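Dock chain to chain to rebuild the complex, using the hints, since each chain is given by itself in its own frame.
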Amino acid sequence: MEFIKLCISIVKKNYLSILLGIRTTLVLSILGTLFGFVIGLFVGGIRAIKLDFNEPLYKKRLKRLIDYIGKLYIDIFRGTPMMIQALFFYYSLRSLFNWTPLVAALTVLSVNTGAYMSEIIRSGINSIDKGQIEAARSCGLSNIQTMFNIVFPQAVLNAFPSIGNELIVNIKDSSVLMVLSITELMFETKSIAGSNYRLVETYFITALIYLFLTGVASYVLNIIEKRMTHSKTSLPQSATNFENLVLAKGGSDE
Amino acid sequence: MNKVIEFKNVYKSFGSLKVLQGVDFEINKGEIVCLLGSSGCGKSTSLRMINLLEQKDSGDIIVEGKSVDEIKDINQYRAKVAMVFQQFNLFKNLDVLSNCTIALRKALKINKKEAEEIAINNLKKVGMENFIHAKSDTLSGGQKQRVAIARMLSLNPDILLFDEPTSALDPEMVNEVLNVIKSLTHENRTMVIVTHEMNFAKEVANRIIFMDQGKVIENCSPEEFFTNPKTERAKAFLANSNIH
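So the sequences go chain by chain: V and G.
Just so you know, our numbering puts 204 at position 204 of the first sequence, and the rest follows in order with no gaps.
Just so you know, our numbering puts 244 at position 244 of the second sequence, and the rest follows in order with no gaps.
Derived from the structure by calculation, the hints contain no laboratory data.
Quantities reported herein were computed from a predicted structural model and do not represent experimental measurements.
Careful: at least some of the hints might be erroneous.
Pairs of lysine-lysine residues, derived as BS3-like cross-links and limited to a Cα-Cα distance of at most 27 Å, are as follows [unchecked claim]: (1) G:Lys66 - V:Lys50; (2) G:Lys80 - V:Lys130; (3) V:Lys50 - G:Lys80; (4) V:Lys59 - G:Lys109; (5) G:Lys202 - V:Lys226; (6) V:Lys50 - G:Lys124; (7) V:Lys60 - G:Lys124; (8) V:Lys59 - G:Lys80; (9) V:Lys12 - V:Lys172; (10) V:Lys130 - G:Lys92; (11) G:Lys215 - G:Lys202; (12) V:Lys130 - V:Lys13; (13) V:Lys59 - G:Lys72; (14) G:Lys66 - G:Lys92; (15) G:Lys80 - G:Lys66; (16) G:Lys72 - G:Lys8; (17) G:Lys124 - G:Lys112; (18) V:Lys50 - G:Lys202; (19) G:Lys72 - V:Lys63.
Pairwise CB distance ranges (calculated) [said to hold, decoys possible]: (20) G:Ser140 - V:Pro56: 42 to 52 Å; (21) G:Glu70 - V:Leu65: 53 to 63 Å; (22) V:Leu72 - G:Asn111: 40 to 50 Å; (23) G:Gln55 - V:Arg227: 49 to 59 Å; (24) G:Asn111 - V:Lys130: 27 to 37 Å; (25) V:Val38 - G:Asn156: 30 to 40 Å.
Stretches of chain V that chain G covers, calculated by requiring three or more beta carbons in the stretch to come under 8 Å of a beta carbon on chain G [unchecked claim]: (26) 131–139; (27) 153–159; (28) 211–224.
Note that beta-carbon positions come from the ideal geometry of N, C-alpha and C, so glycine has one too.
Looking at chain G on its own, in the form it has when it is part of the complex (with noise of 0.2 Å):
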């Protein structure tokens, strides 16, 4: 197994606010990693500091063999670790279409038709081709999230991150935006997960990352992890989630 994504001793403080206090992982290539912890325990921040929207105050952070310090083009790389926000972040001055096609124009320098094209097949995957025109504000949540959903993909990155993808949604549209996400799982990409959906974590993942107060306690298999956790941090985190 090639690691893509390697956390070394990494710290991070928001002024006083110690976030990240020596954080370490590997997550390997083609691994679907959930990222679990109970609110503030510093999943989020690691999970940006990959898309380099954080930055950490010491240790090292390598993704695909090189550490992000060494990274020339902060753009090109970011294209190659998407992301998928909490709060879907469609752009709202543009239309469904134009959300996913911008980066692949901008960014890539990808010509129009090409860009659309990638854009329409992977609005096709979460079933929103329907929708190419529509403007942002008019979608419903769900709806939104799957177009972030696209618009990430159509980036053809190698990770795919996701910081809390169903957090903001009302609770009947959650399941939608999970099934699309399922369905990536077997796209062989690598992906990183921070959410609170423990059914789903125990569902699609490889592997459990489980984090409190800025260090990760628990590293193990889905199976480890849900039927015999070793910390009691985890066990209490577990006996209040609905797990079934």
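For reference, chain V alone in the conformation it holds in the complex (with noise of 0.2 Å):
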């Protein structure tokens, strides 16, 4: 009882700084991923196409060259703490940049996030049936106009589930950001656990709040998923119109 009473007063000392914080790591962490993803998108779109027999040598070269340095990227960008790439890239590129540390920990939090989504999107790609791209390829599609209209559709749609997860990470571990002094959640409830030495009281408070909002987070994300899922699938509920449902169940086999 005496636990719960004195979290219940922390959060009312300090709510102010604790939406400030929820604040910042939402606005980090959304878009966060969203970048991430289109990063991922281009690094992963990159890396799945495989050039036609008759381009030139030179493309194909730089082909190689491109896929070399994604790869570079992706191995650096997972195989590193990313508390040390906020504080490295940060610190090493302010005089170059001029950046505050938000911007500098949304670029670092984006660009992790998007080598995790060149893999997951490499993969998705990789799922979808070859047979897919052979046919859009043969009627005369070229390689970006296969990769925009049937490849990443569908990709992203198998990927839904893993793309996903990255914005709940991302919730998460944009928490090691606050070495760059950001205020957000977690660099709040540091604050005000030095102030108030209630610690374990403290840092409860955070679990929860990170939990509701990871929490809420994948309800939202189920929801999507679900929609696109179903729209795929269930041609009698997605048929826009009346009609159209209509004559899809009324034609005839023959």
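Following this line, the structure appears as structure tokens:
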């Protein structure tokens, strides 16, 4: 009882900074995931493209070089702690970009997420039936057109659970960005705990908040996923108007 | 007769597997040619080479007077030699209409309205005009293949390629697809059909090309092939086929 009372009083005293922390954490993780997703589409997409046999040699060499750079990028950002990435890039590039810690943190989070997303997208693309790509190419779509019109929509759908997972991971993992003194949830928690000396209670509250945020995120992701697969597999519900529904049902198979 | 497709001593192997070992044949404009042979004889590979889905190791393939090695714009070329696949390969993320219009709009740069008109005309030809907003995985196999044929026809190709169009179908759906293909034979287009449906081949083909172990071993009219095959291999093949 005592514990809960203490927790409540801590929240009452500090709710403004907690809310501020939640806001920063959400902004960082949502934007970081979105930018990371775009990076992932780009890098994963390029890595998954297979050049036509009649492309000139320099293009094939360029493609190999780009593939190699992409692989290096993924290995480095997946293979080192994000905390070190944040510190390293913020301080080493500060004189060049003159950036604020928040921008640096968002950049590092996006680029880090992008490395994971690249692999998620690549495996999503590899999970697509090769016949889909062959059919697209056989009727004259170029590599890029095939990617955007046929491959990406299906790959993103297939990989959606993993893509959503990255958002949940980012909500929690953005906490390491507090090394750049960004006022996200973990940083606020640390300063609250530093002033009231109630470490257990304060961190307990923060854990509950993280649990709540990730819980909401996974609920929303679930709904989105259901919508996407729903409209994909079930014709009657997805038929946009009644006429189509009747036609689709009523048309005979000869 | 002018030749539209010419294979000259074409070789192809996948690793150590020799698929084509010197394939030679010619196909004239407007001809309907059935490629026959047992599985693995190289007939599908030959067909896929015409659409450049496979690349030859050596020899030459000349399509409409031009070697495939000299093709600059591979995408424009492919739209002119469109193909139907055994596994239909309808685009799963698109509905029936978009399946037929996507290549028109993206590859041939035709505007949306015009592309839809073309597509609907062709969907009518295959009897699928009532399903334009259906997603591909709600269709039966036969319906999917009919849409795939409409998708190919929408490109208005010079050469129609069919890669075992009925092999993945339930028996009762085979005829609905074969009838659609038969109806196309009056349009005076060049058609190359890889099939295991002997009766169908006998009925629609102007010429039969029979392949065995990566080579063409018979190349003659259907009457001659089905009544009086020259090679022992063809005789054995026909003996095991259900022809009436």
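To see whether the hints hold, each was checked on the structure:
1. G:Lys66 - V:Lys50: With Cα atoms ~25 Å apart, G:Lys66 and V:Lys50 stay inside 27 Å; holds.
2. G:Lys80 - V:Lys130: 22 Å, holds
3. V:Lys50 - G:Lys80: Within the cut-off at roughly 22 Å; holds.
4. V:Lys59 - G:Lys109: 25 Å, holds
5. G:Lys202 - V:Lys226: Since the Cα atoms of G:Lys202 and V:Lys226 sit roughly 50 Å apart, the hinted pair is violated (cutoff 27 Å).
6. V:Lys50 - G:Lys124: Distance of about 36 Å is beyond 27 Å: violated.
7. V:Lys60 - G:Lys124: 43 Å, violated
8. V:Lys59 - G:Lys80: 26 Å, holds
9. V:Lys12 - V:Lys172: Status holds; Cα separation ~23 Å.
10. V:Lys130 - G:Lys92: With a Cα-Cα distance of about 12 Å, the restraint between V:Lys130 and G:Lys92 holds, given a limit of 27 Å.
11. G:Lys215 - G:Lys202: Cα-Cα ~21 Å, so holds.
12. V:Lys130 - V:Lys13: Outside the cut-off at roughly 59 Å; violated.
13. V:Lys59 - G:Lys72: 15 Å, holds
14. G:Lys66 - G:Lys92: Cα-Cα ~34 Å, so violated.
15. G:Lys80 - G:Lys66: Roughly 13 Å between the alpha carbons, so the hint for G:Lys80 and G:Lys66 holds.
16. G:Lys72 - G:Lys8: Since the Cα atoms of G:Lys72 and G:Lys8 sit roughly 21 Å apart, the hinted pair holds (cutoff 27 Å).
17. G:Lys124 - G:Lys112: 18 Å, holds
18. V:Lys50 - G:Lys202: With Cα atoms ~40 Å apart, V:Lys50 and G:Lys202 exceed 27 Å; violated.
19. G:Lys72 - V:Lys63: With Cα atoms ~20 Å apart, G:Lys72 and V:Lys63 stay inside 27 Å; holds.
20. G:Ser140 - V:Pro56: 42 to 52 Å: Given a distance of about 44 Å, which is inside 42 to 52 Å, the answer is holds.
21. G:Glu70 - V:Leu65: 53 to 63 Å: 28 Å, violated
22. V:Leu72 - G:Asn111: 40 to 50 Å: 43 Å, holds
23. G:Gln55 - V:Arg227: 49 to 59 Å: Violated, since G:Gln55 and V:Arg227 (Cβ atoms, about 42 Å apart) do not stay within the stated range.
24. G:Asn111 - V:Lys130: 27 to 37 Å: 31 Å, holds
25. V:Val38 - G:Asn156: 30 to 40 Å: The hint (30 to 40 Å, Cβ to Cβ) holds, given that V:Val38 and G:Asn156 are roughly 37 Å apart.
26. 131–139: That given contact holds, which follows from 8 residues of the segment 131–139 of chain V lying within Cβ reach (below 8 Å) of chain G.
27. 153–159: holds (count 3)
28. 211–224: violated (count 0)
Violated hints, listed in ascending order, are 5, 6, 7, 12, 14, 18, 21, 23, 28; each of the other numbered hints is respected by the structure.
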